[in-house]
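Chains as they are written, first to last, in this note's numbering: chain A, 1 to 311; chain B, 312 to 735.
Calculated from the structure, these hints are not laboratory results.
Among the hints, erroneous ones may be present.
With a cut-off of at most 20 Å between alpha-carbon atoms, the simulated EDC-like pairs for lysine to aspartate or glutamate come out as follows [stated by the list, open to error]:
{"no.": "1", "chain 1": "B", "residue 1": "Lys-563", "chain 2": "A", "residue 2": "Asp-76"}
{"no.": "2", "chain 1": "B", "residue 1": "Lys-563", "chain 2": "A", "residue 2": "Glu-83"}
{"no.": "3", "chain 1": "B", "residue 1": "Lys-575", "chain 2": "A", "residue 2": "Asp-76"}
{"no.": "4", "chain 1": "B", "residue 1": "Lys-732", "chain 2": "A", "residue 2": "Glu-83"}
{"no.": "5", "chain 1": "B", "residue 1": "Lys-616", "chain 2": "B", "residue 2": "Asp-551"}
{"no.": "6", "chain 1": "B", "residue 1": "Lys-575", "chain 2": "A", "residue 2": "Asp-152"}
{"no.": "7", "chain 1": "B", "residue 1": "Lys-387", "chain 2": "A", "residue 2": "Asp-251"}
{"no.": "8", "chain 1": "B", "residue 1": "Lys-489", "chain 2": "A", "residue 2": "Glu-166"}
{"no.": "9", "chain 1": "B", "residue 1": "Lys-616", "chain 2": "B", "residue 2": "Glu-544"}
{"no.": "10", "chain 1": "B", "residue 1": "Lys-637", "chain 2": "B", "residue 2": "Asp-396"}
{"no.": "11", "chain 1": "B", "residue 1": "Lys-666", "chain 2": "B", "residue 2": "Asp-396"}
{"no.": "12", "chain 1": "B", "residue 1": "Lys-732", "chain 2": "A", "residue 2": "Asp-76"}
{"no.": "13", "chain 1": "B", "residue 1": "Lys-596", "chain 2": "A", "residue 2": "Asp-251"}
{"no.": "14", "chain 1": "B", "residue 1": "Lys-489", "chain 2": "A", "residue 2": "Asp-152"}
{"no.": "15", "chain 1": "B", "residue 1": "Lys-686", "chain 2": "B", "residue 2": "Glu-638"}
{"no.": "16", "chain 1": "B", "residue 1": "Lys-344", "chain 2": "B", "residue 2": "Glu-638"}
Here are the computed distance ranges between Cβ atoms for each label pair [claimed, not checked]:
{"no.": "17", "chain 1": "A", "residue 1": "Val-297", "chain 2": "B", "residue 2": "Glu-375", "range": "35 to 45 Å"}
{"no.": "18", "chain 1": "B", "residue 1": "Gly-427", "chain 2": "A", "residue 2": "Glu-138", "range": "47 to 57 Å"}
{"no.": "19", "chain 1": "B", "residue 1": "Ala-491", "chain 2": "A", "residue 2": "Val-124", "range": "53 to 63 Å"}
{"no.": "20", "chain 1": "A", "residue 1": "Gly-74", "chain 2": "B", "residue 2": "Ala-491", "range": "35 to 45 Å"}
{"no.": "21", "chain 1": "A", "residue 1": "Ala-56", "chain 2": "B", "residue 2": "Glu-414", "range": "20 to 30 Å"}
{"no.": "22", "chain 1": "B", "residue 1": "Thr-719", "chain 2": "A", "residue 2": "Trp-187", "range": "30 to 40 Å"}
{"no.": "23", "chain 1": "A", "residue 1": "Glu-138", "chain 2": "B", "residue 2": "Thr-719", "range": "33 to 43 Å"}
{"no.": "24", "chain 1": "B", "residue 1": "Glu-366", "chain 2": "A", "residue 2": "Val-124", "range": "48 to 58 Å"}
{"no.": "25", "chain 1": "A", "residue 1": "Asp-152", "chain 2": "B", "residue 2": "Leu-552", "range": "13 to 23 Å"}
{"no.": "26", "chain 1": "B", "residue 1": "Glu-375", "chain 2": "A", "residue 2": "Ala-140", "range": "27 to 37 Å"}
{"no.": "27", "chain 1": "B", "residue 1": "Ala-521", "chain 2": "A", "residue 2": "Trp-187", "range": "51 to 61 Å"}
{"no.": "28", "chain 1": "A", "residue 1": "Ala-140", "chain 2": "B", "residue 2": "Glu-366", "range": "33 to 43 Å"}
To spell it out: a stretch of chain A is covered by chain B in this simulated footprint if at least three of its residues, at any positions, have a beta carbon under 8 Å from a beta carbon of chain B; those stretches are [stated by the list, open to error]:
{"no.": "29", "segment": "210-224"}
{"no.": "30", "segment": "249-262"}
No residue lacks a Cβ here, since even glycine has one placed at the ideal position from N, Cα and C.
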Amino acid sequence: MRGYSGAPLLATAESSPWLLARRSISDGRFAVLVLFLPPALLLFTLFVVLPIGEAAWYSGFNWNGFGRPTAWIGLDNYRFVLETRAFWLALRNNGLIIAVSLLIQLPLALTLALILAERFRGVVALRMLFFLPYILAEIATGLIFSFVYDGDYGLVASIWHWFGAEAPHLLANTQTAMVAVLLVIVWKYFGFHMMLYIAALQGMDRSLIEAARIDGATRPQLLRYVVIPTLYPTIRLSVFFSIVGSLQLFDLVMPLTRGGPADSSNTLVTFLYNNGISRMRVGYGSAIGVILFVICVTFAFTYKRWFMRDE
Amino acid sequence: MGSLTSGVLRRLVLAAAALMVAAAGAAADTTVKWLHIEVNPAQVKIWEEVARAYEAAHPGVKVEMQFLENEAYKAKLPTILQSKDRPHIIYSWAGGVLKAQIEAGVLEDITDQVKGYSDTITPAALAAFTQNGRVYGLPIALSQVGFLYNKVLLAKANVDPAQIKAWDDLLAAVTALKAAGLTPIVVGGADKWPLHFYWTHLAVRIGGRAAFDAALRGENGGFEGETFQKSGELFKQLVDLQPFQNGFLGFKNPQAVGYFGDGKAAMTLAISTVYHLQRALAADKVGLGEDKIGWFDFPVVPGGKGEPTDTLGGITGWLITKGAPKEATDFLEFFISKDVQTKLATGNFLIPVVKGAEVGLNNAFMKQIADNLAKSNYHQNFYDQSLGPSVGRVVNDVTAEIAGGSMTPQQAATAIQAAWKQGN
Numbered sequence: 001m002r003g004y005s006g007a008p009l010l011a012t013a014e015s016s017p018w019l020l021a022r023r024s025i026s027d028g029r030f031a032v033l034v035l036f037l038p039p040a041l042l043l044f045t046l047f048v049v050l051p052i053g054e055a056a057w058y059s060g061f062n063w064n065g066f067g068r069p070t071a072w073i074g075l076d077n078y079r080f081v082l083e084t085r086a087f088w089l090a091l092r093n094n095g096l097i098i099a100v101s102l103l104i105q106l107p108l109a110l111t112l113a114l115i116l117a118e119r120f121r122g123v124v125a126l127r128m129l130f131f132l133p134y135i136l137a138e139i140a141t142g143l144i145f146s147f148v149y150d151g152d153y154g155l156v157a158s159i160w161h162w163f164g165a166e167a168p169h170l171l172a173n174t175q176t177a178m179v180a181v182l183l184v185i186v187w188k189y190f191g192f193h194m195m196l197y198i199a200a201l202q203g204m205d206r207s208l209i210e211a212a213r214i215d216g217a218t219r220p221q222l223l224r225y226v227v228i229p230t231l232y233p234t235i236r237l238s239v240f241f242s243i244v245g246s247l248q249l250f251d252l253v254m255p256l257t258r259g260g261p262a263d264s265s266n267t268l269v270t271f272l273y274n275n276g277i278s279r280m281r282v283g284y285g286s287a288i289g290v291i292l293f294v295i296c297v298t299f300a301f302t303y304k305r306w307f308m309r310d311e
Numbered sequence: 312m313g314s315l316t317s318g319v320l321r322r323l324v325l326a327a328a329a330l331m332v333a334a335a336g337a338a339a340d341t342t343v344k345w346l347h348i349e350v351n352p353a354q355v356k357i358w359e360e361v362a363r364a365y366e367a368a369h370p371g372v373k374v375e376m377q378f379l380e381n382e383a384y385k386a387k388l389p390t391i392l393q394s395k396d397r398p399h400i401i402y403s404w405a406g407g408v409l410k411a412q413i414e415a416g417v418l419e420d421i422t423d424q425v426k427g428y429s430d431t432i433t434p435a436a437l438a439a440f441t442q443n444g445r446v447y448g449l450p451i452a453l454s455q456v457g458f459l460y461n462k463v464l465l466a467k468a469n470v471d472p473a474q475i476k477a478w479d480d481l482l483a484a485v486t487a488l489k490a491a492g493l494t495p496i497v498v499g500g501a502d503k504w505p506l507h508f509y510w511t512h513l514a515v516r517i518g519g520r521a522a523f524d525a526a527l528r529g530e531n532g533g534f535e536g537e538t539f540q541k542s543g544e545l546f547k548q549l550v551d552l553q554p555f556q557n558g559f560l561g562f563k564n565p566q567a568v569g570y571f572g573d574g575k576a577a578m579t580l581a582i583s584t585v586y587h588l589q590r591a592l593a594a595d596k597v598g599l600g601e602d603k604i605g606w607f608d609f610p611v612v613p614g615g616k617g618e619p620t621d622t623l624g625g626i627t628g629w630l631i632t633k634g635a636p637k638e639a640t641d642f643l644e645f646f647i648s649k650d651v652q653t654k655l656a657t658g659n660f661l662i663p664v665v666k667g668a669e670v671g672l673n674n675a676f677m678k679q680i681a682d683n684l685a686k687s688n689y690h691q692n693f694y695d696q697s698l699g700p701s702v703g704r705v706v707n708d709v710t711a712e713i714a715g716g717s718m719t720p721q722q723a724a725t726a727i728q729a730a731w732k733q734g735n
């Protein structure tokens, strides 16, 4: 939208603010501002800024959610949260999800994308197949996998039984529950990242590759020096989605484990739900929410500043 | 001219008819919204019939049933209660949650409306829904927690349920069942509260009413006191025998009840209603018949201060929410009348709370439970309800942690006391 008539005007050195404003009004820029900014600003304030402010306000109270909050306890809720072992477990789990997303999910998605960006028979069907898990609703996925993992009747159990062994209840063990959840996360979301990469690969300028070939680049060199560097913007975006998605993960975990056993598979959001909402401790829950918000915002801004400056 | 008058007449008739329709419509405007959590289809069917019968007797009133799953219901309740579109009748386990709701002013005081009628209800049950002499709801059923067992499996391991009187007898029975290659106990550990029955009932046996009341007042070390430490230790003795089915921490309660109904485990510590519920939740929808299922009370702890007749269980009922129409309370009175309660007792769905309705009980098991409850001088409501939503959930958490081996009994008691101090 750089071609919009207002932009070059802004750049001219001799235009005073007054002149600018007048020109803006005359060329309809001001009208656009007046017409289009308030609705967006209003919605943003109503549904984003106000709730954040409210959560911050509630986090100072010992409040069960009924009536008005009255018992002001300052920063105690934050202290209670930090003293809860489950909070640190949840934080660790979020870290695990990010690590697995970056180290397993993204390389897997990239590899598949490099293969499936080519044209060959059945490629569209394969792409669809890998993308399907992403379309499934999170709750449905969770339920399906809770059956798959069931130690008595599930798919995993029948594989074990086939070998004549007694099947483990993966979701009922503090050691394995989180691993099982991580597997489902990779299964569900790799297709999405694969599609991002495929789209980027298809939008790539083919002449670059041809030029490199003419220069005598081998296939690994082509990948290393031409294809992957052109994918950097997409990779940065995909990493961003992975991390933000992992911080928000909730609906996949609830039907699988509800964050259990013994809080071993909570994410920050399921921890918030289990300890704030289910217990009618709105103040405590709000404190968790604020902490999560600070983590997200800090991440989003630093990431944008460091890695996505040009986009 | 003739045609004109007839036209006017016809219009008048039409207008009158329209008015009548409108009037009828206005009368039918009262809808009583009733939110329940019952999963047993046989019981829901009877409720539906009661609702339809009430509608037939009260033209212009519609009773609308809404359903939410147990855990979802507990989580959503505060939000539901404060919305404008809240249901008029909601389910309740009394206790601390009810107290929080009363204090928040989201419930309707129905004392005056139920005056006279309330005399027909068992006083102890009504008291659970009364605060400072004001009534906010009506009880519908009582229940007791105890062991249900599978007669066939116990016989296989040569365990005589009549001999399980003390805690050590239970441990011995578990050992014998394990030796016979059976799963001694099934429990829905993912829901946590089925596990909290053990810890709580042990506390009822060890300390009796006095210990619980003292803990509430913060005396004798509160919930960190001797009684509660010992409850955890005895529970740990059981846990160390690995009495539960494989993967018990991943089982939700309905799954566990179905597992028992399928005859895959010898015993389950459950609410008395499970006696019937297991049939609906068994894989074959038949479950264990009368000849295969039995009951024994929670074993006593030698030297414990609690009476053997003390019971742990629920007092469940219905609350009227703020601003509900008069018809909601009226419907409840109809619903919790001697006729309907006798009918529900005859179907063995509940231990009735209306005096005289227990004659409907025609099943030895239900009569036994009713008898136990009548003899009980101390009926402890479920801790996760009576301690309020916040501390109650911590009790559930820590008992699940003891069961999973990630907390010691001491740590568990300390965690509950810490939550109690943090308050809610």
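### Query
Of the hints given before, which are not true for this structure?
1, 2, 3, 5, 11, 13, 15, 20, 29
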